[in-house]
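Undergrad: Here is how the chains run, residue by residue.
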Amino acid sequence: MAAIIETERLTKSYGEHRGIIELDLEVGQGEVFGFLGPNGAGKTTTMRVLLDLIRPTSGVARVFGIETTADPVAIHRRTGYLPGEFDLYDRLTGAQTIAYFGNLRGGVDKAYVAELVERLELDPSRRFKEYSKGNKQKVGLIVALQHRPDLLILDEPTAGLDPLMQQTFFALVEDARRNGRTVFLSSHIIDEVDRTCDRVAIIREGRLVQVDRIEAIRELAFHHVELTFGSPVAPALFEGLPGVSDVTARGDVVSMRVSGPIGAVVTIAAQHGIVDVVSREPNLEDVFLAQYGEHPVATGETGGEGR
Amino acid sequence: MTAEARVLTKPGPWSRVVGLGTIYGKTVRDSLRAALVVGGVASLFMLGTGVPYGVSPEFSTVELRKAFITGLTLLPPALRGLLGEPINLETMGGFLSWRVGNFLPVVLGLWPVIALSGTLAGEAAKGSLDLLASTPQSRRMIALEKVAGHVTAVILAMLLLAATIWAVGAFFAALPGDEIPVSAALGQVTLYGLMMLFVGAVAFATAPFVGRTRAAAIGLLVLFGSYLVESYASLSDLLDRLSALSFFEWTAGHRPLAGVTDWTSVAILAALTVVLFAFGTVAFGLRDVGAVANVGWLRLPSLPAGIRGPFTRQLSDRASLAIAWGLGIGLYALLVIASSSAFSQLIDKLPQIEALLRSIYPDLDLHQPSGLLQLTFFSFGSFILGLAGASFLAGWSSDEGRRRLEVVLSTPRSRASWAFLSSLGVLAAVGLVGLVIGAFIAVGVANQGGDVVQPLVGIAVLTLAAAGFTGVGLAAGGLVRLSLAAGVTGFLVIATLLIDTLGAALKLPDWVLDLSLYRHVGQPMAGVVEPFGVAVAAVMVVGGLILCAVGLRRRDIGR
Chain L
1 MAAIIETERL TKSYGEHRGI IELDLEVGQG EVFGFLGPNG AGKTTTMRVL
51 LDLIRPTSGV ARVFGIETTA DPVAIHRRTG YLPGEFDLYD RLTGAQTIAY
101 FGNLRGGVDK AYVAELVERL ELDPSRRFKE YSKGNKQKVG LIVALQHRPD
151 LLILDEPTAG LDPLMQQTFF ALVEDARRNG RTVFLSSHII DEVDRTCDRV
201 AIIREGRLVQ VDRIEAIREL AFHHVELTFG SPVAPALFEG LPGVSDVTAR
251 GDVVSMRVSG PIGAVVTIAA QHGIVDVVSR EPNLEDVFLA QYGEHPVATG
301 ETGGEGR
Chain V
1001 MTAEARVLTK PGPWSRVVGL GTIYGKTVRD SLRAALVVGG VASLFMLGTG
1051 VPYGVSPEFS TVELRKAFIT GLTLLPPALR GLLGEPINLE TMGGFLSWRV
1101 GNFLPVVLGL WPVIALSGTL AGEAAKGSLD LLASTPQSRR MIALEKVAGH
1151 VTAVILAMLL LAATIWAVGA FFAALPGDEI PVSAALGQVT LYGLMMLFVG
1201 AVAFATAPFV GRTRAAAIGL LVLFGSYLVE SYASLSDLLD RLSALSFFEW
1251 TAGHRPLAGV TDWTSVAILA ALTVVLFAFG TVAFGLRDVG AVANVGWLRL
1301 PSLPAGIRGP FTRQLSDRAS LAIAWGLGIG LYALLVIASS SAFSQLIDKL
1351 PQIEALLRSI YPDLDLHQPS GLLQLTFFSF GSFILGLAGA SFLAGWSSDE
1401 GRRRLEVVLS TPRSRASWAF LSSLGVLAAV GLVGLVIGAF IAVGVANQGG
1451 DVVQPLVGIA VLTLAAAGFT GVGLAAGGLV RLSLAAGVTG FLVIATLLID
1501 TLGAALKLPD WVLDLSLYRH VGQPMAGVVE PFGVAVAAVM VVGGLILCAV
1551 GLRRRDIGR
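As you go down the protein sequences, you meet chains L and V in turn. This note's numbering numbers the first residue of the first sequence as 1 and each following residue consecutively. This note's numbering numbers the first residue of the second sequence as 1001 and each following residue consecutively.
Read the hints as simulated data drawn from the structure, not as lab findings. In this text the structure is predicted, and so the values were computed from the model without any measurement. Glycine is no exception: its CB is placed at the ideal position from the N, C-alpha and C atoms. Some clues are possibly wrong.
[Said to hold, decoys possible] Just so you have them, the derived chain V footprint on chain L, three or more residues with Cβ under 8 Å:
no., region
1, 65 to 76
2, 105 to 119
[What the hints assert, rightly or not] Under the rule of at most 20 Å between Cα atoms (straight-line distance), these lysine-lysine pairs were calculated in the PhoX-like manner:
no., chain 1, residue 1, chain 2, residue 2
3, L, K110, V, K1126
4, V, K1126, L, K129
5, L, K133, V, K1126
[Claimed, not checked] Short, incomplete list of chain L residues facing chain V, as computed with Cβ under 7 Å:
no., residue
6, L53
7, F86
8, R177
Work out the full structure, taking the sequences as your base and the hints as a guide.
TA: Listed below in structure tokens is the structure:
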């Protein structure tokens, strides 16, 4: 799979303020790649560097094999971008706004624009300033999609969209994937990434801390294990077992986090009259919270290994 | 991208030039209205000056014109200073060039400074530039197209002005030589246009580094500073030396309307303008979009954050600008005061000038700085003070335009209370301008050994009048929408200036002349205050506050 986005030790600092630090990333053609992180983690900075809106302090970013600072126009020609925050031209209507950006791209497929307008249920006759937040987002999405770009860079694309429109957006992403296009989207809505992305990267305080397929990331994380016994059991029995942490007891029930194999826990439990075992598979949210919370992910690729 | 057969949108030739076909076209499209307004206002100045010159009996013969010129050339720099050099005043073109020529670029220059400081930095601030820069246009091309769009708009405005100048000469010529050739009109507006673009280019070149607001401030500083330094160069050695830096001084010899040209100076100004535009374009291409250098130190003093309520919030937000206006107008007042001794000595030597002035201003003591302030500062100072009020209203209205007001009013704060207190904050900002000017005047006049009280009373009255104009804007904002406020006040201030400066010459009826508030306040800088005018201004302030509060209670928010 050809790499559409590549970064090598990409760093951007804003004077004393941190931006992104030594980011190594690779996104392949046809991938839907999620970029997860809390506010201020560096998601938008990364996207702006990829589009040469800001220049790296050090390191290199390439899109379509082109260094971003070398020929940004060639990159832009094949890219659609939706910023996380934008305010367009108050006095233009939605149709005029879309047409303007279409013109700047040298023309777009009228029928496809009409289709996008219809699918996103946008009233293009209203002035931009009259639009609700969600409708402004729809205009931004159409601007990003209307030229059928090979790469979509979307910064929090569903912000402001109602649940029905979010479904439409997911369908548009699916269309893009089916047509071999690449989507690089940032979000802090885990469900959105969970539903749309093939792979996900997690960024924390400017550093990439995890990159993998979503399923793999889930597997790398701990399980919540809940053991029910016939009578109360001392939690100390489980403390100290490999990969076990946060052991608590409430009546006949002992709960714990288990990273890695669960066999040792089951063996001990079997010796003390276990009645029931519940092991909950982690979802992306658990991974995310583990990355940002007190509990580090025990295993997994870390430190900017892209693929 | 897949190569299916598609019908691609294609912008027509017209929309590439003035429409949504290109960045250039959109810039021209967005600037057309402003170009018409600027060209129209400049034309009004020319019409208002040229028509009376052509039809007035005072200028109907060569002898009368020569007598006028003789009296004029005797006037000291303090009186002549803000006007142009008196060249060939016995012709319509020479008179227009002298009476309007120097002052007009100052008024016109405001537009390019504001537009070109924000054409990229303003879009960057609101986020739309990110989208624009993500299209297949190089950054330099984006900047170049925007600059070209603004240059086109300035050219359109100047062509309108040139046509008006030509028409004034063609239709109102009274004596041979009054006709103005098209080439002279074009030559004159070429200079005006370049002067406008030069200050705009200063703002454009600095904006990538210091951001929109500071770039606009630098552009305005260059504009007003150059104008004042050149105008008052004869007052002191320091100003004389500084005048070498003034582009007004460089091009003072180019007055095609008066039959004098200095194309070399125009070419130098054009070259500098191109260099500045090129610098700004390259800087925009090289720097991060929306990034501003760490220039936090480059700012005017301001008040604390002001979070106690709508009054302190509003005043705090307007304070820096208020202090800037105060410093600018105060320095201008200081220049006038500094020339008062020289002026006093001069009229002692030229009794005919003193007699002439006494016939017009019988109550003025021309040997006092206060008298000179009334004579030379009152009109321009009051105009600028009024514009300051309009600028504060523009900031005030952004609360509704940017939908902050909805958040504010979602707190247990009534609309009327917000309207009243925030309006008071705006008026307090006008008061702050007056305070700063007053401080300059007090120091200057005390240094000259003059009576400090009179000019301070005068500044208080001017401040009240500016607050009155601001009050009308507040009322319009409350009743209709906040974004209307600045425009209403700006219109009133400009209309009042036009009535004051051109009304008598145009022989407008008294009831029209009486519409000017300043006609009813006396000669306040000299301590002569008419209570009627003060009362009217006070009513405008109080009425504005009340109407704003009442209006905002009754209407929808966010219109």
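Undergrad: Now tell me, hint by hint, if it's right for this structure.
TA: Tested hints:
As drawn, the region 65 to 76 of chain L meets chain V at 4 residues by the rule of a beta-carbon pair under 8 Å; at three or more, the given contact holds. Against chain V, the region 105 to 119 of chain L contributes 9 residues with a C-beta closer than 8 Å to a partner C-beta. That satisfies the three-residue criterion, and the hint holds. Simply put, K110/L and K1126/V have alpha-carbon atoms about 28 Å apart, too far for the 20 Å limit, and the pair is violated. Restraint check: the Cα-Cα separation between K1126/V and K129/L comes to about 13 Å, which is no more than 20 Å; the hinted pair holds.
Taken as a hint, the K133/L and K1126/V pair is honoured in the structure, with Cα atoms around 15 Å apart against an allowance of 20 Å. Interface hint at L53/L: satisfied, since its Cβ lies 4 Å from the closest Cβ of chain V, which is below the 7 Å cut-off. Contact between F86/L and chain V, as hinted, is supported at the beta carbon level, the nearest pair being about 4 Å apart and thus within 7 Å. The beta carbon of R177/L is not positioned within 7 Å of any beta carbon in chain V (closest approach about 14 Å), and the interface hint is therefore violated.
Hints 3, 8, counting from the list given before, are not met by this structure.
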